Each structure stands twice: as C-alpha cells, then as structure tokens.
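Engineer: Protein chains in written order, with this note's numbering: chain A, 1 to 232; chain B, 1001 to 1505.
Hints listed in this document are in silico derivations from the structure and should not be mistaken for laboratory results.
Remember, predicted model here, so these are calculated numbers, not experimental data.
Using N, Cα and C, we set each Cβ at its ideal position, and we do this for glycine too.
Keep in mind that a hint or two might mislead.
[Said to hold, decoys possible] Only pairs whose alpha carbons sit at most 16 Å apart, straight line, appear in this in silico EDC-like list of lysine to aspartate or glutamate:
1) A:136 - A:154
2) B:1209 - B:1490
3) B:1443 - A:90
4) B:1443 - A:26
5) B:1443 - A:23
6) B:1040 - B:1052
7) A:32 - A:51
8) B:1443 - A:72
9) B:1406 - B:1449
10) B:1297 - B:1073
11) A:187 - A:149
12) B:1140 - B:1089
[What the hints assert, rightly or not] Sample of chain A residues facing chain B (criterion: CB under 8 Å; computed from the structure):
13) 46
14) 79
15) 83
16) 126
[What the hints assert, rightly or not] Residues of chain A placed beyond 10 Å of chain B at every Cβ, according to the derived structure:
17) 21
18) 48
19) 100
20) 119
21) 122
22) 123
23) 145
24) 173
25) 180
26) 204
27) 224
Here's the letter readout for the chains.
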Amino acid sequence: MTEDIIALIKENVIQGRVTADDEGMDEGWVGKPGVTELVEQALAENVSVADIINKGLTDGMSVVGEKFESKEYFIPDMLASAEAVGSAMEILEPHLSKSGIEAKGKIIVATVKGDLHDIGKNIVSILLRGSGYIVKDLGNDVEPQAIVDAVKKENPQFVGLSALLTSTMVNMGETIQALKDNGLRDKVKVIIGGAPVSEEFAQSIGADGYGADGFQAVAIVESLASGSGGNS
Amino acid sequence: MGRNGVLVEPYQRLNEVQIEKIHQASLSILLDPGIICFNKDAAQVFGDNGAEVEPGAQEDSWLVRIPEKIISEAVSAAPKVVKLGARDEDNCLVLDGSEPRIHFASGSEANNWLDVDIEPFISKRDPSKEMAFPVFTIRKGTVDRLAQAAHLCEHLDSWDSFLRTVNIQDDDIDDTNKDVNKFFASLNNTTKHVMSGLTDLSQLENVLKMAEIIAGGQDKLRDNPIISFITCTIKSPLQLVDDTSQKAIEVARRKIPLVISSSPQGGSTAPITEEGMVSQINAEILVGIALAQLVSKGAPVLYGSVPVRTRLDDLNDSYGVPEFSQYNIDCVQMARYYGLPCYSTAGVSDVEVPGIQALVERLFSHILVALSGAQYIHYAFGLLERTNTFCPVQAILDNTHIEMVKRFVQKSDFTDDSITECLEQVRRVMGTSHKLYMRFVRKALRSGEIAPPYPFESKGMTDETMLRARERMDEILSLPSCHMDKATVDMIYQQVPGLLPRLRS
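Kindly produce the complete structure, drawing on both the sequences and the hints.
Structural biologist: So, in structure tokens, the structure goes:
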C-alpha cells in the first residue's frame, strides 16, 4: 500500500501533475489525484516523510532530469515537474523537523527595489523548490531593508536577487551593501540573475554567484551549498 | 490523400470594382490592339471561333482580335480544380481555383548552380583569430545536379512540388534528349509532382511514355498526372509565339496539366503601372487559356502569372522590388475572379549570392504572395541572380523560411471550445504564486502547433547560418534516394529513347 502511493507520487512527478485537474505528459490523467492530493493522502496514512521525499519526489525528479538530458523532456516539462515537487514540499515543510529531515537549504528570493518583473524569479523559485530547497519569495519591488529583515527572521543560507532593468540592477549592489551594514553578509550567499546582469557585474557588486538562467541558478546554489562554487 | 497545403484568409489588394475594371481592360486590349499571332494553327483556331484575324505586319504573323465571348467560354470550359499527381499519391496536389490553399514549388531552368563551401579565414589584424565564412563557386547546371536538387526536394517538407531547377548542359545532352533526361532525373529522385517546360515538341510522346510507365498506363496517368508542363505561350507584349503555342496546343490535346504562363517586364514589355501591367498580363494569360480550351475543351490549365519589374539601372528583371509582389498578388486575385488555380511567383533574389539582401528580397515576396492565397507558388526555392542561378544551400534556407511563412499565413481556426479552454488556463494560472503558463505549453510543444527555434541559429559572435544550412544539405544528400524500382527503370530504358546510360545506376 505504502509502496503503491510512493510509486504514484513518483509517477505524478514524472507526469508533472500538481493536482487532479492537471494533464500529464500521457493521456488519461485528468481527474486522478496529483502530487498534492497524493502527498496529503500519504501523510494521512502515516507514510514516512523520508520515503515520500526520497523515493517519491526525488526519484521522480531524477527520472525527469534524465528525460531532460536525453531531450525527451523540454523546459516546460521540467518546470511542471519541479512545480509538482515544490507544491509537495510546501505541504511537507511542517513535518520535516519532527521527522528528523533537513531541507537542502533555505533561500530568500526577491526582485529588487524599483523592478516589477518577476517571471525569472518565479521560474528560479519553482526549480529550487523542485530541487528540495525551501524558498521564501518576497515578491517584487523589494526594498533592501525588507530583505535584511527577512534574512534576520528566516535565517536562510542564500539570498537570490533578480532584476530585468538596467536602471534597477544597481539596487542589487545596494541590497548587498545593506546586508553588510547589518552584519549579515557573512551569514548568506548572494546569487543574482536577470537579463541585464552578468558574471562580471556579479563580481563587481560582491555577489557570490550568477545564474544566466533558472538551471544555472540551481546549479550555482548547489555548488555554493557544497562549498565548491561561486565567484572567485 | 495528397499534400494539404495551407489554407489562408487571402489578402485582397484589389477591391471588387478594381478587379472588374482590370478584367474589362484586358478584354479591351484583346480587341484593340488585339494580339500578334505567330502560330498558324492558333490563328486558324481563333478565326474559326469568331475572332477577327488579318495578316500581320511580319511574314507568317496574324493580327487577332479576340471577342469577349471566346474568353468567357474558355474560362467556363477550363477545369476549376486541377490535380497535379505524384509518384507517391500522398504527395499529389489538388489545386482548387476557388480555394486559397497555398503550395510552394521550385523553378526555373537556371543555367548556374551555386556551391557554398565553408572555409576558415584568419584575421590579418589578429592572426590568432580564425573564423569560418562561406565561399561561393558557380558551376553549370547538369543532369546530376538536377537529380541532387530533386533529392533535396524529396526530403524538404515545405517543398511541395519539383519544378526543374537547372538547365542541364552536359556535353552529352542536346535538344533531342534534354526532355527525357531532365524528366527522368527528376522523377527518379523525388516522389513529388514534377513540372517542367518542354524543350523540343518532338520529345512530348517520349516524355509521356515515361510518365505512363511510371503511373501504370495511360488512364492511370490521366487520373494521377505525375508530370505537367509549362508553356510561355506569350512573348510580351501580346505576341503568341509559334513554338510555345504549338506545345500548348499539343499538351492541351493530351489533357495533361498545363501552365499557361506569361512573364512581362513592367517598364519594358508591359506598362510599369500596376493597373497597366496587370491588365496586359491578364489579357496574355487569357489568350493562352482560350487557345488551350478551343483545341481541347476541358484541358486542365493553370493561370500562370510571372510579372516582374524592369530594373531601371540595367534593364534586367527585378524580383526584389515591392512592385513585384503587388503585380503578383493582383494576378492571384484575377485568377480567383475566374475561378482558375493560379501558378504564381515568389522568393527570387536579384543578388547573386545568399546573404542579407537575398533573404530580404525573397522573404518579402514569400510572405506577401503566400498571403494572397496562390495555389502554386513557383520560383520559391534557391533562385538567385534573378533566375540565373540555383543554390541548393539557399534552397535549404528557403525550406525553413517557407515553413515559417506557412505557419504564419494559415487561417486562424479557433473554436468556442478552445476559447473556453484558454479561459480555464487563465483562471488556473492566476491562482498560482508563479503566474506562469508553461505547463500548458507541453501538449502544443509536441503536436507541432508551435514553431521550433530557428534551426540554423548561430551560437557565438559570428553568423553561422550558412555553415549550418550547408551541414543540413550534406545530411540530406547522404540519405538514400527514392529511386524507382528496377523493373520500372528497365521498362523506361527499353521504351524511351535518348536516356543517358549513366543515369540508370
């Protein structure tokens, strides 16, 4: 029974289904429980949270990754699966500590002050959640002080900053300065992304990493988490 | 069965009143000044059917004044739907004069074949910098190159019909064996419809014999005409040519599909104004159609319009100017007015080599003439230097661009159900934190509903379009050929004289 529901969670991750309303990659899935309904059911049936995460979500995402590598899956498929995993992690988050499980890490994401564009940030959020990180999304047009306050409250390992405009990218530097001014800079790794920014810009403002797209963003977070990456 | 083409909502450049005025102007031209006819049989046929015929100013010429009745009866008699068959019937085209469903074909007996090689170049300023650029070499058209072009056609999806691309100029080819060899090289390398002009009327029966063997007999060829002919019956302005008129008469008698084409040059052999050009070319095409119907009522014909504009700096044809597309779109509308399928023209560049000018010129007419809803758009692949040069790498590029054009011009066909589905998507996405529609793209991504990225995209700071197109061409040329089976080829070689032994392999 437990194995059945874990297998279903894994399959629904592969199908990229969050809820019963979602279509899958294959026909005939609409109306059947998606990842969120299945995770709720598994919790109700006292299925191990570790098994849900490791054998259901993570194993499912591994298959998705393989399909993406082999070009069977495209970016929208990867995002759909990551969204499904992210939705499951939101449900599981309150159960992690009592199950003795630690998330891979916590990251605060925000589009910086003066900038209302959040598509890139949202994609990065989906992919990070899908990779097992807890993501606190502060939204867009976020003042440096609001980010400082969130870092104090949430105690994340990472801060992800996004900007689409050349006129607002400078506020990434202001935000990093605000973290320094509040004695928080050494407590978090800051990664940045967005159309106008670059590796060089990231270095110039003292960021720890730069992701050219959502996948690079996840990769840079992973490498920083393992202590092997980031700007030199 | 057959290739679907793309149904468009046609762009109407002329309004109904203007179309009627052009029609009346064409009728007026056919009465006064009338046409000069250099073909005795044609003059006789027109005279027998009520035209006023009198000796022309030149020897063996006649001035023929054609009344409206001949034209209206010919237009009524001409089939409104013409099928262009194919070795593989899934590749046949059904051209319906009342339906703006577009198909793209090549052309047009170019003398030159342009090879594109990608060679490395080293910067003089910085010898550590090496870049790849295309280098172009002109070669003459040969039967082997014609076969290669047919092979490319077979494997390029946007290329709906093969109209012979190059003039075969091999040392062992002359007028007496050119027709059979060009048709054989084409038919043996593509299962799509093959169209060509006829070099020598004496070869018509041999070419038809070859087509009958491939189609499975005379009746089957009539049902599935795997070949068709183009005749430029008119030399502009308003002169019925002896040789091509006779070819038109003979092909029409055999009820094989026939393009009646005219190609006046606005500014030199036709008025440069839009209304003058279109009135004249319309009159010229109607004369050819009338001739075909008078000798063979119900003969399948295409309204063949190839109007070009004169370059005023060197008096060559110009295909790249906007007027070219204006003229052609107007002609498509005239053909639709008569309910006849239209053989139209697009995609030729004035420049000699592929590049920015070539792309601008060809894409301009590719899009606009496609929007007009012409049933058969020829010249659309690989033609450069007006129509003197065919470049296979350019044809590879054109195939992709035409695929984009076809995707763009297709008639919108959303339904109440599809709108309801979209509204559901909007509501669901607005309920998420990320507000992204990407999960709803997945099905469309696989169904072919949405366009793929440009396949020849450059990855760095140099333009690698030509390099990638050349790589694609090499890939296609390495694919197996769709040659006819041995028994068919043997029968053709037994019954059709003049075929080169080396084409048999």
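Engineer: Taking the hints in turn, state whether each one holds.
Structural biologist: These are the hints, each one checked on the structure:
1. A:136 - A:154: This hinted pair holds, its Cα atoms lying about 8 Å apart.
2. B:1209 - B:1490: holds, 13 Å
3. B:1443 - A:90: violated, 27 Å
4. B:1443 - A:26: Judged against 16 Å, a Cα distance of about 9 Å means the pair holds.
5. B:1443 - A:23: Roughly 9 Å separates the two Cα atoms, so the pair holds.
6. B:1040 - B:1052: holds, 14 Å
7. A:32 - A:51: Violated - the C-alpha atoms of residue 51 (chain A) and residue 32 (chain A) are around 22 Å apart, more than 16 Å.
8. B:1443 - A:72: holds, 13 Å
9. B:1406 - B:1449: Within the cut-off at roughly 12 Å; holds.
10. B:1297 - B:1073: holds, 10 Å
11. A:187 - A:149: Holds, at roughly 13 Å.
12. B:1140 - B:1089: Between residue 1140 (chain B) and residue 1089 (chain B) the Cα gap is close to 33 Å, so the pair fails against 16 Å, i.e. violated.
13. 46: violated, 29 Å
14. 79: holds, 5 Å
15. 83: holds, 7 Å
16. 126: Constraint on residue 126 (chain A) satisfied, holds at 6 Å.
17. 21: At roughly 7 Å from the nearest Cβ of chain B, residue 21 (chain A) sits no farther out than 10 Å, so the non-interface label is violated.
18. 48: holds, 28 Å
19. 100: holds, 28 Å
20. 119: violated, 7 Å
21. 122: violated, 4 Å
22. 123: It is violated; residue 123 (chain A) is separated from chain B by about 7 Å at its closest Cβ, not greater than 10 Å.
23. 145: holds, 23 Å
24. 173: Since the minimum Cβ distance to chain B is about 27 Å, residue 173 (chain A) lies beyond 10 Å and the statement holds.
25. 180: holds, 30 Å
26. 204: Consistent with the label, residue 204 (chain A) stays out of reach of chain B, its closest Cβ about 22 Å off (over 10 Å).
27. 224: holds, 23 Å
In summary, the structure is inconsistent with hints 3, 7, 12, 13, 17, 20, 21 and 22 from the numbered list given earlier, while agreeing with the others.
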